[in-house]
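Q: For chain E, the structure is supplied; the task is to place chains B, W, H and C with the ligands on it using the hints.
What follows is the residue order along each chain.
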Amino acid sequence: MFNYLLRRLITVIPILLGISIISFAIMQAAPGNPAVMTMDPTISAEARARQLEALGLNDPIPVQYVKWLSGVVRGDFGLSYTQRRPVMEMILERLPNTLLLMLVATILAMLVSIPIGIYQARKRGSALDYGATVFSFAGLAMPNFWLAMMLIMLLSVQMGWFPVGGVSTLGADFSILDRLHHLILPALVLATSDMAALTRYTRSSMIDVLNQDYIRTARAKGLVERTVVYRHGLRNGLIPIVTIFALMLPTMIGGSVIVETIFSWPGIGRMFISAVFERDYPVIMAITMIAAVLTVIGNLIADICYALLDPRIEY
Amino acid sequence: MSDSMPNNSPLQSFDAQGQAQPLLRVENLKKHFPIYGGLLKRQIGSVKAVDDISFVVRPGETLGLVGESGCGKSSLGRTLIRLYEPSSGKIVFDGHDVSNLPESKLRGFRQQVQMVFQDPYSSLNPRKTIATILSEPFAAQGLYKGKERLERIDHLLQRVGLNPSLKNRYPHEFSGGQRQRIGIARALALNPKLIIADEPVSALDVSIQSQVLNILEDLQDEFKLTYLFIAHDLAVVKHISDRIGVMYLGKMMELAPKRELYSSPKHPYTQALLSAVPKAHPDEVRPDRILLKGDLPSPANPPAGCVFHTRCPKATEQCRQRTPVLQEVANDHWVACHLYGETTSEQ
Amino acid sequence: MTSKDSVIVDQPFVAQDQLGSHRPLWRITLTKFWQNRLAVIGLVLLSIIIISALLAPWIAPHDPNWQNLRMRLQPPSAEFWLGTDHLGRDIFSRLLFAGRVSLFVGFSAMLGAITIGTTLGAIAGYYGGRVDAFIMRTVDVVISFPSIFLLITLVAIFQPSIDKLILSFALLSWTGTARLVRGEFLTLKQREYVLAARTLGMSNMSIIFRQILPNAMGPIIVAATLAVGGFILAESALSFLGLGVQPPTASWGNMLTNAQSLNVFRNAWWYPTFPGLMIFITVLSFNFVGDGLRDALDPKVLER
Amino acid sequence: MLEPKQYRPLLSVNNLRTSFFRKGVELPVVDDVSFEVSSGETLAIVGESGSGKSVTSLSVMRLIPSPGGRIMGGEVLFDGMDLTMLPEKRMYDVRGNEIAMIFQDPMSSLNPVLTIGEQIAESLRLHKGLSKGKAMHKAIEILRTVGFARAAEIVNEYPHQLSGGMRQRVMIAMAMSCNPKLLIADEPTTALDVTVQAQILDLMQNLKKEFNSAIILITHDLGVVAELADKVIVMYAGKVVEQASVRELFNNPQHPYTRGLMQSVPKLDQDEDRLFSIGGNVPTPDNFPKGCRFCTRCPQVMPKCHQQQPELIKVGDNHLSRCFLHEAADV
Amino acid sequence: GGGADQANTTTNNQAESVQSSEASTGPAQGGNFVIATPGEPITFNELYYQDSASGDVISMIHAGLIYIDESFEVQPFIARELPTISDDGLQWTYHLREDVKFHDGEQLTAEDVVFTYSIFNHPDYSGPRVSDFELLDSVVALDPFTVQFTLTEPSAKFATQAGYGILPKHILGEVPVAELGDYRAYNVERPIGAGPFKFDSWTRGQNLVVRAFDDFFLGRPHLDSITTRFVGDQNAAILLLQTGQADYVIVPINEVETVRAIPNVQLESTLALRYDYIGWNMRNPLFQDRRVRQALTHAIDRQEIVETILNDNATVAHAPVSPLSWAYNDNVPQFNYDVERAKELLAEAGWVPGPDGILVKDGKRFSFEMLSNDGNVVRRDIGVIAQQYLRQVGIEVRPAQMEWGAFIERISPPNYNFDSVVLAWGLAIDPDPQAIWHSSEIEQGLNQISYSNPVVDALIDGNVSIMDQAERAERLGKVWYALAEDQPYTFLYYPQVFAGLSPRVNGFTQHARVDVFKPYQWWLAQ
Ligand SMILES: Nc1ncnc2c1ncn2[C@@H]1O[C@H](COP(=O)(O)OP(=O)(O)OP(=O)(O)O)[C@@H](O)[C@H]1O
Ligand SMILES: Nc1ncnc2c1ncn2[C@@H]1O[C@H](COP(=O)(O)OP(=O)(O)OP(=O)(O)O)[C@@H](O)[C@H]1O
Ligand SMILES: [Mg+2]
Ligand SMILES: [Mg+2]
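Chains as they are written, first to last, in my numbering: chain E, 3 to 317; chain B, 33 to 379; chain W, 2 to 305; chain H, 4 to 334; chain C, 3 to 528.
The set of hints was computed from the structure by calculation and includes no laboratory data.
Glycine included, every Cβ here is placed at the ideal spot set by N, Cα and C.
Among these hints, one or two may not hold up.
Said to hold, decoys possible - With beta-carbon atoms standing in for the labels, derived distance ranges: (1) R71/W - D61/E: 42 to 48 Å; (2) P146/C - R87/E: 48 to 54 Å; (3) N60/E - R400/C: 36 to 42 Å; (4) D272/H - S120/B: 39 to 45 Å; (5) K480/C - R87/E: 44 to 50 Å; (6) D299/W - V226/E: 53 to 59 Å; (7) P68/H - Q160/E: 46 to 52 Å; (8) D299/W - I178/E: 30 to 36 Å; (9) P215/W - P68/H: 56 to 62 Å.
This is chain E alone, in the form it adopts within the complex (with noise of 0.2 Å):
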């Protein structure tokens, strides 16, 4: 096991260094010089060029982008443009909140998902099997924004049930229940397209097991129903579901730049947002490495639990 997380974790290294030279040279190859827009166009030339120097502007892009990552690897992902404060501080602040909002809204779409999809797999063709499977349907197809748009525009605004944003209620005391209150709307919306995804794939796969030769197995030992779709098929079922978490990551993490300008929570997708709009490179790179982990991370812990689900594999 030691050996194959090693191996593993290798293997995560050249992609991330990959990633890290592209979106580099993107952000090198862009038009003009970022760090110079949020400079007085009326300042002296001594001055802009100090200030070009402070950040590190004026050495050539592979020197660049050497610093930058020997900077990386010691946790310094240098200075925001226009908070000129350490990117990591700037994070740190924010990353917190993303992945509460990721982790709640993980666990509301497995909540939901998987044992919807357990159910359609042992009734299927009927009428909630139908039912779950257009509004899985529907669930993919909604623009995220949209749907959150309009959950604020009903249950919040109209209804009044849930804060219109933000994490906590102003000066109130720190409450579990007041968090959550802030976080089911924005982690709804967030969860949404997964919990829609997952509750197909947990379908289709217990269908698939459902359908093995061992359930009859089972079936032939007299265990009753339920021990043999949760004891026999679950455990096979939800090994390709592992899968799709790692793959709902990378989305959600992607979503969270939507839900969290609208609802305004304070994480990195909007922090994100902004950065682009104020071209604040050295925190579009950040968050874009972190990006990159989580998702690498996500896919490192698939195959892990994937491992442990399953003898068969090897390590």
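A: Showing chains B, W, H and C with the ligands alone in chain E's frame:
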């Protein structure tokens, strides 16, 4: 060509025995599949699917190959027809060494050696009509055009007992036996000299199996075909073959004319194999079964010495150490076993 | 019925009636597709949407870009079937023309992604070895790319335009197809009919294109269908951020950009509703059709 | 072996009819099948692929995949009770406990994610109420009886770590763990090599002696029948075409299909020049002929055969055959 | 003059009655005032900030010598009175109040003022205010509460530039000027000013809290605290206002009607010190002919745009000066919507309709790109609207949007890579046209469209030295006239700014230029 051969090689005497030059001569053929693993996905070993096998196929005969699942029968067949690159050794077909011919020069060889496959479901492209499937051999070799090609196809279908009017149908519209016949027709299309049939009847029901076996026999008579017939059903092999080779774990254990093999099997493995066949009639009384202990070892890690020694009821110390060589112990009867005389090869 | 040939003495029963009725492949596929109710609904909706987009210049009641500032945000009426937008343009006409753009973006990006993915996947799967390793490592990198982030960065810093949008979509989303096609090729190249083709001396190109690809087409078509919907959705998400197709060209996504205003949301429900509905229905239909095709093109139907 | 014992069958299947439904069309996959098995007796069901052997056995277990398939009629009397009428709850006690089953493909019939021990102990805990530890103990014991020397280790291994023959032995151990009165073995050796098949047949022979269970052995290999069975029924396209004791059947096959079948297999101890062959193909359930189901392939077909379905006719002691030829002979 | 009278206030009836009943009992003490805004500040150091979000917070924390009131009059703040100016206009002397304390309790003295203003001219200063102080020669403390600024030339403009928040020398005195911009211990973490509110906490992405400063020299503010809540976008801000979770939001012009419809919410508005325009890049031969530019303006119905897109919340502009400014002069040529006149002018300039209806001259079609940035909904629409208007006179417009950064990049030196641009200028209090209109600003400055008129140059030169406002206004009037006639821009409109306030807010004064104005006068009804 023959001067490169060692003196004690079975091939030489085969040649001498054979009335004519062998159609196919296989010398020390190996096919090893690499296994990758470890931190850097290096090759960490290999599956010795075919391990140092030599034999000849004489023109017009049927050479049967039996052995348990995974012993390398298919690998051997596919290597012979150059679907797999041989790891080492020589394949001499009709006097020409084809073992190292590059893909581009294989065209002529491909016309003369064809293959019939095991699975009637996956051996025909499900998205093509029978007519298309049967025209592919001609297309690939650039033979016949237009109407003539269609006539050939009709003829081929008739040869294997199918109504030519069915040629515009798709494989899924046919039963297993019919598909297998289509596969045979495809192999016949180029008028090959040698057909390698890899378990052509294993997937078929008993009552269908005999249809296909009969057709194969009829075609052999008609076209003077030579067969290399791979199967694991001993009765079927015996029915169709002239000589039979028994394989175990990538090696040839015994090779003899069929009657000889069935009446006096020499190798302990052959003996066990034959005794394992269920009796044909409830009243039949037979000496006790020779039950082999244990399981087939992995071809990635075959036992040292004689590969069979781990399961052989008659294994001795010497079997554990030295690899026996295939040698002639009776007229045209070859065995690789230390029980039959001294051998010289040291591992 | 009996074979004329003397060789086959014992084959008197190969009768056509043994085979059941002659069912060509397309018929089977169609029948299976037809049985999937949702897929049929999806196909009908899609046909309507695509045809009306194609015929937009002929069926649109108004010039989609004609602004009548004095007729801003008019509710649906006999004149403006689906109301007007914030510049007094006819929403119905704009939806038709926007459909052309959205569908064009979706289809072109899909073609790009599928072409790249299929080519690389086929090469990797068929030839294996180093080529395969190289392509698959590239896939690993691209697939780990947080594509939405890159997409936003790309279109934001290189002024968004339809062709750049399509290019970025294609370049970031071919990996799934590549993996899929590679997987298909890996299994299909072991199929005995492919081996048979090789023993017949067929060239690699013929084997790839004539033997394997047709059999891998099913999953590719399914992926392609789903991809179109995905790209339409992606364009709308970028439009939400102001980075999609740029006005005055209308796409369903950027029609929603202007509808984001609270004022519109409150007082002109028709404005955000219809473009949103179009996206939703179109993507939904693509997904329905894709799902139907998945079943209909399932090779298992043919294999036993 | 049969005579002195008081003849009371353990299982008696009467006029069983099981159908699958495709687009509302009924496919009578098992049609009017009757047979009996008693304790200590082995009944073999032979027939070609698709003839309904597995469906018959699954019907007995009431494990027909549903929706899609249904038992349409007939009765399955087991130990006096009609299994087709039993509430599902009671069936749970019958399955695995009183009737056990092993399947053709040992590769896929074991759950890949549970250890061998868990899978065997499961039945024991369920039906015999054993504690976890005790059940595991018992599992090891049973594994020994089916020939595992390393039984104590095997219980902690997963199916993929075992070879095909070993897995089939695990399946047998699992089936035998609760001392079932009836064992249904659906082609237990088809997927195995001859040498392994020999091991399994040997094992089954020993178990038969030891447990005195009734066995239904499904196979298409006449050799296996000759080796193990006491009685045989031959099925063709969902119907029983012939039924007899094993000796009677081999010595005196009556139905043209049975005869063809026997002649078409090559035999090790004979040199046949040319094999007999039944032409044509097995009809599929969606186009079974109207008359005798074998009429499309029968070498002795008569016009009547195309019109009418023949009945099972007694042609000797405990010997039934479904063919109009016998009628003609009687007349 | 005529500035303040343009500002008007609309309030919902109900809210008004609440307000008046409260007014009789006087301002209530206490409460937390919530501002909701999408923008998050960057620094609290007034010498370095550029964004309005930072500016808003700075207005709460810091105090300057003077401030500009809602009528754009300069008013003393820390200074006891307006400065005394020497006759040559070079010496400006301010007398400070003696009761001004920093938040840490230290007395604010002339030393702090000198310290603050010396930074601007320090060679290491890298902030954005260099150009404002080019004329400042020296600043000295005459006594602990008297400061004297000496200019190199007389400058009327200097009157408005003494409003920068005074920095505490006792805290920043030791910090090298080069590091001051990035001195986060003060700039971000613990800013100390002399303003009405003390910095309390900043949870990034969520909120920023300031608390009342008990020793504020005008007395403790009514509010206990002000919380600035950072939200995803303007929509979210308005929704917070509606749901009672915010007291003050800036309402974008396209959402005015939304807020107006919310019951009980007060909507304050005033004309912004700003005008929106379409700039014609005169590097492009298309726009070099004045008649063409006039025709372009004639072809666009600005009145309709104001009435429809802007819901009448703006006034058509004809010159680059705000009606709020004392320098405003409406005696300028106007090019109102007149398609026929536009066609005539174009024909005079030699443009004739081509085969596809688009004008051609010397084989060149009249077709160009109109650039705007995507952030601004209204300006983006203007490109699309202009396309339709100009199409009527045979001109093809290709509207294009760019993300702000790329947009600025393209229109700024050295690129100037655009045909025409839809943009707006937020004006300084002082109406000096130099930065935008002088030909010397083409190479480096803000004269992006490359406008060059020697007459205008001459009028601009030295205008800031005229200390007499009336005299200067007259001179500037000529500038406006020339610019209006030349139409380097199509001046579109002067928009209004709107503030949405919760019903409990009192004492709020809407200011055309700053969002947070006199926060110490704000109070909340209980
Ligand atoms: N392409 C391949 N790559 C790696 N290993 C292979 C490959 N083909 C076969 N092998 C291995 O080589 C050994 C011999 O396989 P082969 O298919 O030749 O056996 P076989 O005798 O034909 O068995 P069967 O009766 O099951 O067809 C097996 O262990 C198999 O796993
Ligand atoms: N789940 C199912 N749905 C529909 N038809 C089925 C199903 N299971 C079996 N059948 C049909 O029932 C018929 C009998 O099948 P069964 O499995 O009993 O045959 P068998 O005699 O066991 O064959 P084999 O030797 O291949 O196992 C076949 O035609 C098969 O197509
Ligand atoms: Mg094989
Ligand atoms: Mg079966």
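Q: Tell me the hint numbers this structure goes against, listed in increasing order.
A: Numbers 1, 2, 6, 8, 9, in rising order.
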